[in-house]
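Chains as they are written, first to last, in our numbering: chain C, 1 to 303; chain G, 1001 to 1617.
What the hints contain is simulated information worked out from the structure, not anything from laboratory work.
We put the beta carbon where it would ideally sit given N, CA and C, even for glycine.
A couple of the hints might just be wrong.
[What the hints assert, rightly or not] The following label-pair restraints were derived from C-beta to C-beta distances:
| no. | chain 1 | residue 1 | chain 2 | residue 2 | range |
| --- | --- | --- | --- | --- | --- |
| 1 | G | Asp-1063 | C | Ala-187 | 51 to 59 Å |
| 2 | G | Lys-1050 | C | Gln-262 | 36 to 44 Å |
| 3 | C | Val-76 | G | Met-1462 | 15 to 23 Å |
| 4 | G | Lys-1112 | C | Ala-214 | 53 to 61 Å |
| 5 | G | Asn-1165 | C | Arg-189 | 31 to 39 Å |
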Amino acid sequence: MVEFFRKLFGAASKPPLIHQSDSVTTAPLSDQQIESIINGQTAQVATQQLTSAVGQSVGKQREHNEDSLVAITATVTGNTAGIPFGLYVVADGMGGHQFGEVASNAAIRVLAGEIMRKFHSFLFSVPTQQPDDPLQEIMETAFQDAHRLVQREAPGSGTTLTAALVVGQQITLGHVGDSRAYAVYPAGRVEQLTHDHSLVKRLEELGHLNKEEAANFPHRNVLIRALGQGETLETDVFTVPFPRNGYLMLCSDGLWGVVTDQDILRSINTAPNLQRACQNMVDAANTAGGPDNITVILAQMNG
Amino acid sequence: MGEEPVHRSHRQLQSGTTLVNRYHIQEVIGVGGMGSVYRARDMHFPNVTKLVAVKEMLNIAPDPNMRLTVIHNFEREANILATLNHPSIPRIYDYFSEEDRSYLVLEFIHGKDLETIINDTGGFLPEERVLTWGIQLCEVLAFLHNHKPDPIVFRDMKPSNIMVNSNGDVVLVDFGIARTFQTGQKGTMIGTEGYSPPEQYRGEASPLADIYALGATLHHALTRRDPRLEPPFSYAERPIRRINSHVSTEVEAVINTSLQYNPDERFATAIEMKDALIAAARKTGALSKIATTSIMPASGIKPIWTFKCEDEVRGTPLVYQGAVYVGCYDNNLYALNAADGKFQWKYPTDGGVVSRPAAYENSLFFGSEDKRLHVINSRTGKLIWTYYTGGPIRSSPRIAEGHIFIGSDDHALHAVNLNTGRSVWQFTSADQVRSTPFVANELVYFGSESGDFYAVDFHGTMKWRYQAKRAVTSSPVVAGHSIFFASTDRTLYCLDARNGWAVWRFRLGKGSVSSPAIADELVFVGAADGFIYGVEASTGKEMWRFRTENQVSGSPVVYKDCIYCGSVDGNLYCVEYRSGRERWRFKTGGAITGTPVIFDDIVYIGSTDHQVYALLA
């Protein structure tokens, strides 16, 4: 298919006659555009299967693990073909006296519990029944519940929380803090789906820091939004297509802070399976010094 | 300043050189700090002369990693620019890197830059001319500053970076690229001395800096005093009217506000400055001399033509092969010449026609309240065949895969063979089907008055169903993985198009029968509360709402950077779709309940005053 588009828009062939309105951007398309066209197309396949793996390490310099994760991949097919379902969550706690790990642990359990409860009758009831609320509202509500619980159970602490709910071909993401979700394409593109709520990112956006200054900024781990902190919580909730021929990746800053996009691609491309890919990434982060707890989740849609 | 002279050893391209086997260099049209700008011909269009501007950027960083970073930054910036669609920003067609140079291929602007215009003009430029440019520059700055996810700061507003094209409209050139290419050293001042505000010398570049530089540019244009030759920040000592007494006090005051030393004392946004310029122009009467699309007064739009039918026109027209086809409550389908509105023929049915015709190979397909789907010759209006449904038809036909799909008040969605006119199947829903089906992903999507929303495959088998709380008269539209439609239950829905899962719902003030339109990740829909809404497609968050004076039953249509939408208040509105700001409105003699169609810069719209209007978009 890529070849087809290359042929269609490439320099070698004559441009085809296509009626286009004035507002349409013309060829040649970038690889990225071609990829997104392909991603936008429907693939008619019989059964799709979602698979996932995780990796975690306390790192080389910390004594406690304040990262928490959930990875639930459900395949339920009965008399009708089931649709892929997955819930992946990463939380990176902060705050002294081990409250960080309390916060991240509480947040992921409340969030995942809340979401799974709403999907119970879809997965396990006869007849199967969709939740009443739209996916984005389910995500938003679960974040608010987790926020209130963390405020109650671990006052003064906070946690990042990045959750990806896969239903069918789409991912509904909820996000607060500086853990990240990525779409990784083995062909060589690593696309960050979430937007860090960190001081350094904010200063960069405001033009106070350039890329280089940002990389050496001393307070890189200061968050401007975290679950459990502040009276009201503003969550980023949005829906994107599951990366076709690629991976969904969630990780804490213990991974993305020390491992480059190239390391990520190499870890995935040289691994025989998802588990090994996750382990490779954890190893790469530890090799780079392992300054923080490391958590990674990889999910892939087969078929 | 940030710009260093180019090494002499880097030579300009010779005319006659062809880049990437495509761009044939004609001549140098400019020399900048980072390389030259060439006029070139795009050889992908061998039969016409398509001129482009090719901007060259020399990459002379000694370190290979640094060079790579420069290329990456350049490409990222080019990608951002490629998504900007605004009349005052040149289109970017292409970019590529070769050896030590990167190239950007842009729209070639026929015209002169403002600095040349100022220098070539003997006396002072007329105030209203400068005002027109000022208003247009405010608009493009507002567009950049409101860019999502991150605002874009132009940083180098000055006369030599503003082109005035052959229409007299401004286009910003030398865009953004300069920024990424000059961020190299710390403390490097970006911008041009004289035009840049004091805080930019401290390395801060905010939208307020652009507002200052725009003020400096207008000051220069009105006074002919080049600020680069004056002491820095000395505008307060050179009041405009002391140099050019033709300028009004109102306009002088606006420019003074934008040139305040303290950023907090300037206009907070480019829109505020634009409104102030317009208000000043209105006061002095300069406005009547300004012919800009942005502030067209309500009475200022004259139709290209109008045509009067014998009853209300509630349907949506179709433009096909130079003709406008529109149904009317006088039971006829009219064929009019699209260019001049001349009557060609009419085809009578036995009921009101609200259905929008569809065209396929010289045939027109449309429904009538006489319960029939009519198929006629598009040139002659002669009947080819009709297809009978059990109820009046208010839905419009959709043609796909050799079939016509159309809903009827007999509760069914009908699939009819395109050639034979025979029924292939019918899918019976719980109530009347007035929504127009949408075909995508090998599924047919439509709503029912029962509140059910269906996805049916090409065999007529239901794949999924979603239950809204009240009628779905709105016609769905698919974009990416999602399908969007409104309901009279006051909700705009976004569902996963493959499985019908609700992704989000957006609350409207009242119910809606309007059909959504989509552009740039934004969804637009009208509602009975009189608003037209702009909602972000990925999050279901409201970006803006636009108030009309009565219900919005028709549907918005996207054309270029605007949506066009009618209201029961009788107006057709043209609204900038990114900002939700009105560009113009046109008042018809009755309520508008149909949807406009736009073709070749002409908007066609029917009204309940029995008329069909053709307006310049």
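- Item | C-beta pair Lys-1112 of chain G, Ala-214 of chain C: status relative to the range 53 to 61 Å that was hinted | violated (40 Å)
- Cβ distance range 36 to 44 Å for Lys-1050 of chain G and Gln-262 of chain C, holds or violated: holds (39 Å)
- Message: Is 15 to 23 Å respected by the C-beta to C-beta distance linking Val-76 of chain C and Met-1462 of chain G?
- Response: holds (21 Å)
- With respect to the beta-carbon atoms only, verify the hint that Asn-1165 of chain G and Arg-189 of chain C lie 31 to 39 Å apart. For Arg-189 of chain C against Asn-1165 of chain G, whose Cβ atoms are near 37 Å apart, the range 31 to 39 Å holds.
- Message: Verify the CB-CB distance for Asp-1063 of chain G and Ala-187 of chain C against the hinted window 51 to 59 Å.
- Response: violated (28 Å)
Hints 1 and 4, counting from the list given before, are not met by this structure.
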